[in-house]
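Dock chain P against chain V, hints included.
Protein chains in written order, with numbering that gives the first Met the number 0: chain V, 0 to 389; chain P, 0 to 234.
In case anyone wonders, no lab produced these hints; they're calculated from the structure. If you're wondering where the values come from, they're calculated on a predicted model, not measured in any experiment. Any given hint might turn out to be false.
A short, non-exhaustive set of chain V residues, derived as facing chain P with CB atoms under 8 Å [said to hold, decoys possible]:
id : residue
1  : ASN48
2  : ARG74
3  : ARG75
4  : TYR79
5  : HIS89
6  : VAL99
7  : LEU102
8  : ASN106
9  : TYR131
Each residue gets a CB set at the ideal place from its N, CA and C atoms; glycine is no exception.
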Amino acid sequence: MIRFDSVTKTYPDGTVAVDELSLTAPSGKITVLVGPSGCGKTTSLRMINRMIEPTSGRIWIDDRDHSTTSPTELRRGIGYVIQHAGLFPHRTIVDNVATVPLLLGKNKREARAKALELLERVGLPASFAKRYPAQLSGGQQQRVGVARALAADPPVMLMDEPFSAVDPVVREQLQNEFLRLQSELSKTIVFVTHDIDEAIKLGDQVAVMRVGGKLAQLATPADLLSNPVDDFVAGFVGRDRGYRALGFEAVPGLQLDPETTVLMGSDVSAAAAVARDGWVLVVDEHGWPQGWLAVGDDATRASLQITPPLLHRGGTVAAVNGTFRSVLDAALSSPTGRGVIVDEGRRFAGTITAANVVRLLEQQQAAHSQTISVPTVPVQAVPVQGATPR
Amino acid sequence: MTATSTAGAASSSPWHFWAYFTAHRHQDLSWLWDHVWLSALPVVIGLAIALPLGWLASRYKWIYPPMLSLMGLLYTIPSIALFVIIPPLLGLKALDPIQVPIALTVYSVALLVRVVADGLGSVPEDVLQAATAMGFGRVQRLVKVELPIAVPVIAAGLRVATVSNVSIVAVAGTIGLANLGQLFTTGFQLSTPTAYYPPIVLGIVLCVALALAFDGVIVTANRLLTPWRRAVQGR
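Chain V extracted, bound-state conformation:
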């Protein structure tokens, strides 16, 4: 647990970077500090490992005033990940990861063995061990950065915009893997970002800060979307709050409509025979949906075999245990209005229309409003084939 107790940081020129900040980052959870630049989120983070000393107030780590530990000793017990990873260019990947264990006096062989294990854990092949950082892509470097922070198995991790410098596709991968790792390791994490979507995706709780270093709101992501305390938080959380709030809960009692499918490679004429409203869903030999085929009156196509270029590719696919948001999106993005739902094995399970999703949503909300004070459980937005929500 990390506890800020009325912490203020004032610089000699009078700038107040952090103003009377009090908040608790609970053990084993991810606390995200989010806000515009100049809101003091990074300053707050760096005060935890004494890279910046508070002007007043105290910071407690597990009921111990952190200023009673020497800065170097304190830092060796806290993992730290930064934006561009900050790997040592002159050291091999394995030695980069082994840095803190070696600082703590572990012997070299043990430290390297542990480092290799961690590389695997963050999804890098062992063949990377002997390479140098400049030989890796940005995303790979960032994985090494996470492995390095984990090397001494610190209970606390500080992360300063760790995924901001990579492209959106890699960022999403890293975020998902970070959540997977955290579900295995349960570290106490303070995570800084300027990206509200990242905060909502990753945080167990989110602290929104405003310029001048004041805490605007501390809440679970779902709470933040449904009950922003003021205009600043509402504006920062952004548009589509109602829609995005649907990304936290799985659809209960999902009822699917059956749909006749055809196999990729069969004749278009065969597909036309089973089509509904002029569309038929095409699956591959695993039963995985491939896309919708429009079967018109065009006689010249009747004799063709179904190939991927003929298919409509725009629709998203949701999992049977998916959130309201993913299921609704599948329905809305489908050219037929029938959203494609798959099971755990990514096989086609059935379809659902937007109207039916909304009906389930209304039933759910009616049930909620009957119970008094339902605590909102922090849940993660889950990717299509992801695990069950926490």
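Below, chain P alone, put in the same frame as chain V:
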């Protein structure tokens, strides 16, 4: 008679420096050795002095401009003037050989302070931050992270300093100190009434060879110390 005059003509040709060398091998090798340590030692001492000064200049930004101006000034003092001033300043006798490395150390420091400061300044900010956050102490960080990363920049500066020392040492030869510079004085003295080139050419050849050898040593050491740079270039 004919044979002698042919030999005499041939031996004054610039290309007969090798014959001159074999004839005066003992003297020439002794001058070469003097030249080696006179130009190498000041670089070593200069680096030892430049490291803390360069660190100061990179650590405290306000020191950098005045420090660099001062070093520039030192470097503009003509070497011959320095050779004349140093003995009375330090209470040495007029042609004490120690004055040469002292003067050259001044030049080496003048060149290397900037190089050390810029080398340390070339370490990326996020690397420094990560090192601090992982629990490196200030000295530990300097020795294990900053200096190794600054090696290529410092090595480039060492090459310039060493080569320029080889040439400045020769100037000290002209005022009578023992080193390859003496070959130029000898050549000059033997050039009356007609020009006599072999010792001059020999001096040039040995100086250039020495400079190349020093350069090779530094380049090799740099390569051995920075395998990480090759790994990137070989990609």
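Results of checking the hints against the structure:
no., hint, in the structure
1, ASN48, "6 Å, holds"
2, ARG74, "4 Å, holds"
3, ARG75, "4 Å, holds"
4, TYR79, "4 Å, holds"
5, HIS89, "5 Å, holds"
6, VAL99, "5 Å, holds"
7, LEU102, "6 Å, holds"
8, ASN106, "17 Å, violated"
9, TYR131, "4 Å, holds"
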